[in-house]
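Novice: Given chain L, put chains F, R and C in place with the hints provided.
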Amino acid sequence: MSVRILFFGATADVVGAQEIQLSPTGGETSGDVFDAVLRDHPGLRNHKLLFSVNQEFASRSEPVRDGDELAIFTAVSGG
Amino acid sequence: MSVRILFFGATADVVGAQEIQLSPTGGETSGDVFDAVLRDHPGLRNHKLLFSVNQEFASRSEPVRDGDELAIFTAVSGG
Amino acid sequence: MDFYELTTDPIDITSVARRVVPPECGATVTLDGYVRKFTKGRETLHLVYEAYEPMALKEMQKLIEQARSLFEIANVGIVHRLGKLEIGETSVVISVAAPHRKAAFEACEWLIRELKRTVPVWKKEVYSDGEVWVEGDDPKYSLPNSTA
Amino acid sequence: MDFYELTTDPIDITSVARRVVPPECGATVTLDGYVRKFTKGRETLHLVYEAYEPMALKEMQKLIEQARSLFEIANVGIVHRLGKLEIGETSVVISVAAPHRKAAFEACEWLIRELKRTVPVWKKEVYSDGEVWVEGDDPKYSLPNSTA
Chain L
22 MSVRILFFGA TADVVGAQEI QLSPTGGETS GDVFDAVLRD HPGLRNHKLL
72 FSVNQEFASR SEPVRDGDEL AIFTAVSGG
Chain F
22 MSVRILFFGA TADVVGAQEI QLSPTGGETS GDVFDAVLRD HPGLRNHKLL
72 FSVNQEFASR SEPVRDGDEL AIFTAVSGG
Chain R
6 MDFYELTTDP IDITSVARRV VPPECGATVT LDGYVRKFTK GRETLHLVYE
56 AYEPMALKEM QKLIEQARSL FEIANVGIVH RLGKLEIGET SVVISVAAPH
106 RKAAFEACEW LIRELKRTVP VWKKEVYSDG EVWVEGDDPK YSLPNSTA
Chain C
6 MDFYELTTDP IDITSVARRV VPPECGATVT LDGYVRKFTK GRETLHLVYE
56 AYEPMALKEM QKLIEQARSL FEIANVGIVH RLGKLEIGET SVVISVAAPH
106 RKAAFEACEW LIRELKRTVP VWKKEVYSDG EVWVEGDDPK YSLPNSTA
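Residue numbers (my numbering), protein chains in the order written: chain L, 22 to 100; chain F, 22 to 100; chain R, 6 to 153; chain C, 6 to 153.
Careful, some of the hints might be misleading.
Which stretches of chain C does chain L cover? Using the computed rule of at least three CB atoms under 8 Å from a CB of chain L, they are [claimed, not checked]:
1) 9-22
2) 52-65
3) 120-128
4) 133-140
Just so you know, these hints were derived from the structure itself, not from any lab.
Beta carbons: idealized from backbone N, C-alpha and C, even for Gly.
Bound-form chain L, shown alone (with noise of 0.2 Å):
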């Protein structure tokens, strides 16, 4: 299976790029991705995150399914 990963602002800086893919085995929840994805972009952990799974606020234990868009970070600034 297939899920996207969006980043804005400081974190699509961090990791260079407002988009990745990453191929979960299966059974992961979005807790279990986004832990994959810290461990290749460790300078995310110098941010405060928020994520989101299919463009709402999520916690770490979602299920994660084939074709999610997840969405990773900083607390909102806008105003």
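Specialist: Here is chains F, R and C on its own, set in the frame of chain L:
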């Protein structure tokens, strides 16, 4: 001595003028002048009235001097 | 810069809001009051606003001074329209800029409430079958004894 | 009609405020946020706003729905600008029309506070000697444990 009395909105309609002049004999208070106006224009008593002396909200006890600008009007309704 | 004005021209909200912006502030709160089509179920054709102009300007100035003493605000702009207004046209705009938006909200709300209680402006509602000068129901200054 | 939009074009406050006006309401409260020249004493040259656009629109829609359940309001309009903004340009406008202006003030203040906590938009401050993505200090959603 001579004072001007201004009317606005509902009070101008009752009096039929936007301004009248009165010639108090001297020593009157604002309350005395307003009572005199109300005697001449009893229709004003159908309204709750405010008044001002020289463009400041006034009580009945203000001394009235030659050349003063008084006004009688209903509770304000701007905004 | 504070400002307070009476005008018979249409009011542009953006330009009022923009004029109160100082470089160190991040938010402006604007109250935009306009002519209602219906008041208590009765259809208004248009409104006419009249002011005791010099006293109205003095009272607007006092309101701004009082707001400055009550709230941490930078600039205030108040523009009240006079004359004939069509349905939907803006009758009053109050813009408040402040370093913190909470103060801007509080000051703007205070200013419109007090303006309606103290600034000598009156509105006449014109209906198809008549017209009436609206009398305020919460004047700040107590009514003098008007029994002669 | 409620509306919520993201745009890279300049925002006209008057047109946003006007679009929320229903005929039975008499007041609209508008929050106008704009680019500050100075943040903590440091001079900003310009700002760049970026959004997770589809999620930002969903969160804006949720905010309006929540505001409707909390406050007696008629219409809400929210427009957030994206891309490069010069000093003084409007970054966000929130207009709320309500039958009673108190609800409009309360809803508008609530909406801007929650927008800053929940809508996925980020701003980058650009200085003469660098730039930084601002990170919010009061996010609504608790931060997940990010220690792998």
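Novice: A separate judgement is required for each hint: does it hold in the structure or not?
Specialist: For each hint, the structure was consulted:
no. : hint    : result
1   : 9-22    : violated (count 0)
2   : 52-65   : holds (count 8)
3   : 120-128 : holds (count 9)
4   : 133-140 : holds (count 3)
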